[in-house]
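Protein chains: 2
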Amino acid sequence: MTTSRTPAVGPDDEPSARTSPVTMRDVAQAAGVSVATVSHVVNDKPGARIGDAARDRVKQAIEELGYRPNALAQTLVKGNSKFIGLVADAIATTPFAGRIIQGAQDEAWKNGYVLLVANTDGNEGAEEEAISMMLEHKVRGILYSTWYHREASVPVALAETDAVLVDCFSDSAALPAVVPDERQGGRTATELLLTAGHKRVAFINTTTPSPAQAGRLAGYRDALAHAGAPFDESLVIDASPDQEGGYSAAAEVFAQGATAVFCHNDRVAMGFYDAARERNLRIPDDIAVVGFDDQEVISAHLRPPLTTVALPHYELGVAGVRTLLGLDSPTQVPRQLIACPPVPRRSVGAPADA
Amino acid sequence: MTTSRTPAVGPDDEPSARTSPVTMRDVAQAAGVSVATVSHVVNDKPGARIGDAARDRVKQAIEELGYRPNALAQTLVKGNSKFIGLVADAIATTPFAGRIIQGAQDEAWKNGYVLLVANTDGNEGAEEEAISMMLEHKVRGILYSTWYHREASVPVALAETDAVLVDCFSDSAALPAVVPDERQGGRTATELLLTAGHKRVAFINTTTPSPAQAGRLAGYRDALAHAGAPFDESLVIDASPDQEGGYSAAAEVFAQGATAVFCHNDRVAMGFYDAARERNLRIPDDIAVVGFDDQEVISAHLRPPLTTVALPHYELGVAGVRTLLGLDSPTQVPRQLIACPPVPRRSVGAPADA
DNA sequence: ATGAAAGCGCTAACAC
DNA sequence: GTGTTAGCGCTTTCAT
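Sequence order for the protein chains is F and G.
Going by my numbering, the first residue of the first sequence is number 1, and it counts up by one from there.
Going by my numbering, the first residue of the second sequence is number 1001, and it counts up by one from there.
For the record, the hints were derived by calculation from the structure and aren't laboratory data.
One should not assume that every hint holds.
DSBU-like mimics (lysine-lysine), calculated; alpha carbons at most 30 Å apart, straight line [said to hold, decoys possible]:
# : chain 1 : residue 1 : chain 2 : residue 2
1 : G       : 1082      : G       : 1059
2 : G       : 1059      : F       : 78
3 : F       : 59        : G       : 1078
Looking from chain F toward chain G, a few residues come up when the C-beta cut is under 8 Å (computed) [as the list claims (entries may be wrong)]:
#  : residue
4  : 73
5  : 91
6  : 94
7  : 105
8  : 119
9  : 137
10 : 243
11 : 274
12 : 297
13 : 298
14 : 303
Keep in mind it's a predicted model, so treat the numbers as computed, not measured.
Positions of the beta carbon are idealized from the N, C-alpha and C atoms, including for glycine.
From just these sequences and the hints, can you work out the full model?
See the structure below:
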């Protein structure tokens, strides 16, 4: 029972590979050249003049032996690795973090880097450990991300390498950060309603203090101001940022005679839908609604599909690695704002009196 | 403008760290000992007798210099890395893949391994590239996962290392696989309804051939058989596996006089909810419903919250690395079935006539 | 109890 | 054109 050595393989009499790590020396020997020559052809060195004969023999040897360069050895000698660490406080709780990973992964990949991910559940010990491990693996830098936009207290060890904050920021640590532009998002959401002709646009906002709460409200006011519409305090209604909140806040929305409502997020909108349905009100005919987040599994599948504004998680991940790699000339420092684009679906129409 | 060198750091006059990679030699020098000694205290070697004095000096030097062992160098000399590769065909499309990553990450971590993730969007070229890269980084093995349970055609390069399939399987490549137990899940879902006292339990199944389609149906029949209930073909209704499908299939469910319905997945259930509401039917009083998948953002937030059966993504990830590492004595080969547990919420009650 | 030295697989001068 | 050689940071016999 050698189960513990090769648990995942089939018969042990396979080609070779797993058992015999073919090294550059093996190739050199097989091709009858030196390792330097092999190195040169493998890396296609610009200044390296290698004879066609030798080059061919090397290539063939590589092929036959199934040689793979050892990236770790390369890293060791070159001094810089191709790893980028991503520490996330929750990769499974929401579909959101997944998009950040995806964005970061794609962009890292595009630049020849690989993502080393660590999830920490916000546990400080795990965070320190994860960062240590990444540092020990000589990562090029670390992306520290949270699953919702907030201020974060960043582990000190982050200072030991290049780091960028994704979907969070820190006023104490002077680290570059990329975050969603909540304000522009709030404005965009509101304008979706305003440009459809609505005059009394309610805003169900969360009671939880956060960049989202403040930013979206500011954006709401921006849109109103820009449209020359008055800001009516009684049209902004407080609610918990979930379905229950949207459901309960609906009464007030109707009481205020709003013909449209901007919900703090898609879940709130989902609750609002329920309330509207109970009152036999039709969306968008009787009331127009827009959400926020574009939590696809909700927004795209509500009836009617919800017009909303997307949280740019994928772009956040992309921007995170671009900033880390110094690919973007930093236009906004220290916090880079990523736009929240509108996602028009079917929950917005013109007001009844239009 | 040294932007491209240290784009993500603050002032360049920082502690040191990033600029000066402290090596073991530095520590040795500072402590006035040899690198061998340092190595021994760092690794707390069993057989290494190091004087207390020397040991202390080394520890202090490590502390003062902020030394971190270079994991890559360690790997190079020891021959085996602490990486586990995870290639996924879609990490962002659904919240599901995130949970697989999370499970894999947690379990890998627990065993001193780090996850190297690569997303490929199912693109074969990207897959080959990702696997190459992982191989070059001398990963301990590779987890190949898909975001929904299906047969997969696995890249040949996988054969070069230990590999296990997660949430997919392959009949051609003889690779170990861990997949959800669809059949047991189907049975569990049905029993949730049967034990509540329902006699006519409908099953809205998908028309798409898949392990889920076949497995859940088999489970449905198992439950019926075990309860001594007859299998009535007209109670299984075909539908597309989404909200629209559930909505449309509802008519037939009611026409058949069912008092309970097992929906192929949560989205189907969501559509069914809509249809029930339109008919002014109450869940669970007028009709009991159970879903499948436990797509939390749907199931937990429907009104009433949906009783469902969970797809064990997290556990799939865990089992994947355990199998890879040979931690589990393989009881089921080649395909290991992971249980789909019931998630009781509020959409199931006793039938009206009970 | 501690150190010298030989590599791990690879790259980069620099010889020839 | 191609080979020699000296490391990269570390572990590990084997001396002392």
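**Structure-inconsistent hints, enumerated in ascending order** = none
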